[in-house]
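K.L.:
Each chain, written out:
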Amino acid sequence: MLQAINLTKKFGELVAVDDLSFTVEKGQIFGIAGPNGAGKSTVYNLITGFFPFEGKLLFNGEDISGKKPHRIAQMGIARTFQVPHTFPSLTVEQALSVGSRFGDNTGFDPEYVDHLLDFLDFQEERYNLTGNLDLIGKKKLMIGAALATRPKLLMLDEPMAGSNAHEIQDLMEFIRRINDEMGVTIIIIEHFMKVLTELTETLLIIESGSKIASGDPDIVTSNKHVVECYLGDAYASDN
Amino acid sequence: MGALMAIIYGGLALMPIFVGGTDHLMHILIMILIWGVVASCWDLIMGFAGIFSFGQVAFFVIGAYASAIVANKFGIPPIFAIFVAGGITAAIGVLVGLPCLRLKGAYVALVTFAVHMILEPFLKGPMGRAIGTGGSRGILTIQPIEIFGFAFTPDHKVAVFYLTLVLAILCSIIILMVIRSFWGTAFLALKDSEDFSASLGVSAFKYKLAVFALTSFLTGMVGGFYGHYVGMLSTRMLGIDLFVTLMIMLVIGGIGHFPGAILGAIVTVTLNEMLSPLGSYRPLILGGLVVVLVLFLPDGVIGLVRRFFNGKSKIQEADA
Numbered sequence: 001m002l003q004a005i006n007l008t009k010k011f012g013e014l015v016a017v018d019d020l021s022f023t024v025e026k027g028q029i030f031g032i033a034g035p036n037g038a039g040k041s042t043v044y045n046l047i048t049g050f051f052p053f054e055g056k057l058l059f060n061g062e063d064i065s066g067k068k069p070h071r072i073a074q075m076g077i078a079r080t081f082q083v084p085h086t087f088p089s090l091t092v093e094q095a096l097s098v099g100s101r102f103g104d105n106t107g108f109d110p111e112y113v114d115h116l117l118d119f120l121d122f123q124e125e126r127y128n129l130t131g132n133l134d135l136i137g138k139k140k141l142m143i144g145a146a147l148a149t150r151p152k153l154l155m156l157d158e159p160m161a162g163s164n165a166h167e168i169q170d171l172m173e174f175i176r177r178i179n180d181e182m183g184v185t186i187i188i189i190e191h192f193m194k195v196l197t198e199l200t201e202t203l204l205i206i207e208s209g210s211k212i213a214s215g216d217p218d219i220v221t222s223n224k225h226v227v228e229c230y231l232g233d234a235y236a237s238d239n
Numbered sequence: 001m002g003a004l005m006a007i008i009y010g011g012l013a014l015m016p017i018f019v020g021g022t023d024h025l026m027h028i029l030i031m032i033l034i035w036g037v038v039a040s041c042w043d044l045i046m047g048f049a050g051i052f053s054f055g056q057v058a059f060f061v062i063g064a065y066a067s068a069i070v071a072n073k074f075g076i077p078p079i080f081a082i083f084v085a086g087g088i089t090a091a092i093g094v095l096v097g098l099p100c101l102r103l104k105g106a107y108v109a110l111v112t113f114a115v116h117m118i119l120e121p122f123l124k125g126p127m128g129r130a131i132g133t134g135g136s137r138g139i140l141t142i143q144p145i146e147i148f149g150f151a152f153t154p155d156h157k158v159a160v161f162y163l164t165l166v167l168a169i170l171c172s173i174i175i176l177m178v179i180r181s182f183w184g185t186a187f188l189a190l191k192d193s194e195d196f197s198a199s200l201g202v203s204a205f206k207y208k209l210a211v212f213a214l215t216s217f218l219t220g221m222v223g224g225f226y227g228h229y230v231g232m233l234s235t236r237m238l239g240i241d242l243f244v245t246l247m248i249m250l251v252i253g254g255i256g257h258f259p260g261a262i263l264g265a266i267v268t269v270t271l272n273e274m275l276s277p278l279g280s281y282r283p284l285i286l287g288g289l290v291v292v293l294v295l296f297l298p299d300g301v302i303g304l305v306r307r308f309f310n311g312k313s314k315i316q317e318a319d320a
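Protein chains in written order, with the numbering used here: chain A, 1 to 239; chain B, 1 to 320.
Just so you know, these hints were derived from the structure itself, not from any lab. Check each hint, because a few of them may be wrong.
Quick list of simulated restraints, FRET-style, between CB atoms [unchecked claim]: (1) B:104 with A:106: 31 to 39 Å; (2) A:105 with B:77: 44 to 52 Å; (3) B:307 with A:208: 54 to 62 Å; (4) A:105 with B:98: 26 to 34 Å; (5) B:180 with A:11: 41 to 49 Å; (6) B:94 with A:180: 41 to 49 Å; (7) A:63 with B:180: 38 to 46 Å; (8) B:23 with A:127: 45 to 53 Å.
Far from chain A, by Cβ distances over 12 Å, these chain B residues were calculated [what the hints assert, rightly or not]: (9) 13; (10) 107; (11) 127; (12) 150; (13) 242; (14) 272; (15) 291; (16) 295.
By construction, the Cβ of each residue, glycine as well, lies at the ideal position given by its N, Cα and C atoms.
Using the sequences and the hints given, assemble the complete structure.
P.N.:
Now the structure itself:
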């Protein structure tokens, strides 16, 4: 579905993403992990057209390098942001409608927006301003608006950050449902290794912008190099 | 929104019954209608789309000069010339908007205000004279708008008032429809978060240029209308007075609370006239009033009106 070939992004002297290649298969949940500043979010910004870069990105065989963010959204790649973004001036329903109206190639579909409000358990919040939602609500809204574009690929950037154990369980269940019921391929950046090993089929570990391991999450997380540079001794002794 | 607008314009439409005989008051009413549209356009681009464009007065003056020149030089009837002027102003608006796409916040204000600053020397200079601005003398004779042989000159204030009212209502309906349509939603979304909007498929390029084009078209057209009404033009309007007065209208009306800007125009123009006996103390009092309003009525007069009619809980809903 998504093929990254020799992605490289330099900010001046700093090489944020260094010759990175990976492939995301249709239908899977693909995890990306790595220490802070490893370039995970930068990879998202490259895929969604926010920064120019060297290398090549193929989405269903089509080259998407150099396309503008809104064009990429319309092609079927949706994303969320690490810091929750909402539209404080818009209601929950209007915010979802923005995704449906502008991001969905088949056009605005109020019934689908209504369906999403059910799916997100947001019917009661429907006419509330998004700025008044709590943190979990804002994250769900971001995911909901992204889903309103009818994406083929959804990229989540640390959806669990700032959540307690109970909320993490809920969010994991929610992400599984998006994958199963809607058939959306998912890439997820996450720090909680347990979330990644339980949720993902393929895990990519990056450090300083380059790949240090990828493959089956159980095998990757037992990789000695990964444990050393990222997971730390505590995790090693856990297993 | 629509009901309040109908009440405002309905109320204004009745005014000539009471003051139709007093030319001075009719002129004030006409100017209220004109500034109401200009302030509403400013509100659309700044309050809704979140673009800090400070070129509103410049667009008004460009429209006024363009219409007068087009009518004087090419003999186009003024009623059509104002639309041509709107088109010319929109084209200039888009040109100004292009560099603003790459800028944020205060930098947009700087670029757009630069247009305002450049305009006066341009109109007074040799380039301006070459296209017929009359240099520092200005344009002294501009023919009035004529419809079916009737000339809307300053001598027929009531007639001019109703023609202005029709134009103002048309402009306001256009603004209202844009705000209520998905365009308005796109403007608000872009104002709140450009990145989030882009990730959902909203083209900042398209909608930001569109708002520049639309607001400068309407402002330019109304500017043209103003020129044909008063019959002469100079660069005096580009002074800081009008700019500040318009800004006061927006603040008093409530930024981002259409049709607050129209109410703001009514209140500001009226106050300005009432305070005129105070001479040089007038700006001082207006300035103090703005400070008080910003502190105690951040949503402007419209916030007060809505609180009065709906109760506080519904204010946010009405805005959405």
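K.L.:
In this structure, is the beta-carbon distance linking residue 94 (chain B) and residue 180 (chain A) contained in 41 to 49 Å?
P.N.:
The hinted range 41 to 49 Å holds for residue 94 (chain B) and residue 180 (chain A), with Cβ atoms some 47 Å apart.
K.L.:
Can the suggested window of 31 to 39 Å be confirmed for the beta-carbon pair residue 104 (chain B) and residue 106 (chain A)?
P.N.:
With a Cβ separation near 33 Å, residue 104 (chain B) and residue 106 (chain A) satisfy 31 to 39 Å, so the hint holds.
K.L.:
Would you say the C-beta atoms of residue 23 (chain B) and residue 127 (chain A) sit inside 45 to 53 Å of each other?
P.N.:
49 Å, holds
K.L.:
Is it correct that the beta-carbon of residue 127 (chain B) has no partner in chain A closer than or equal to 12 Å?
P.N.:
37 Å, holds
K.L.:
If I claimed the Cβ atoms of residue 307 (chain B) and residue 208 (chain A) lie 54 to 62 Å apart, would that claim hold in this structure?
P.N.:
56 Å Cβ-Cβ, so the 54 to 62 Å window holds.
K.L.:
Beyond 12 Å from every Cβ of chain A: is that where the Cβ of residue 295 (chain B) lies?
P.N.:
At about 22 Å from chain A, residue 295 (chain B) clears the 12 Å cut-off, so the statement holds.
K.L.:
Evaluate the given range 41 to 49 Å for the C-beta pair formed by residue 180 (chain B) and residue 11 (chain A).
P.N.:
42 Å Cβ-Cβ, so the 41 to 49 Å window holds.
K.L.:
Beyond 12 Å from every chain A Cβ: check whether that's true for residue 242 (chain B).
P.N.:
Nearest chain A Cβ is 29 Å from residue 242 (chain B), so the label holds.
K.L.:
Verify this label for me: residue 107 (chain B) is non-interface relative to chain A, using a Cβ-Cβ cutoff of 12 Å.
P.N.:
20 Å, holds
K.L.:
Mind verifying the non-interface call on residue 150 (chain B)? Its CB should be farther than 12 Å from each CB in chain A.
P.N.:
Consistent with the label, residue 150 (chain B) stays out of reach of chain A, its closest Cβ about 45 Å off (over 12 Å).
K.L.:
Quick check: does the Cβ-Cβ distance between residue 105 (chain A) and residue 98 (chain B) fall within 26 to 34 Å?
P.N.:
28 Å, holds
K.L.:
Looking at residue 13 (chain B) again, its CB stays over 12 Å from all of chain A?
P.N.:
32 Å, holds
The structure shown violates none of the earlier numbered hints.
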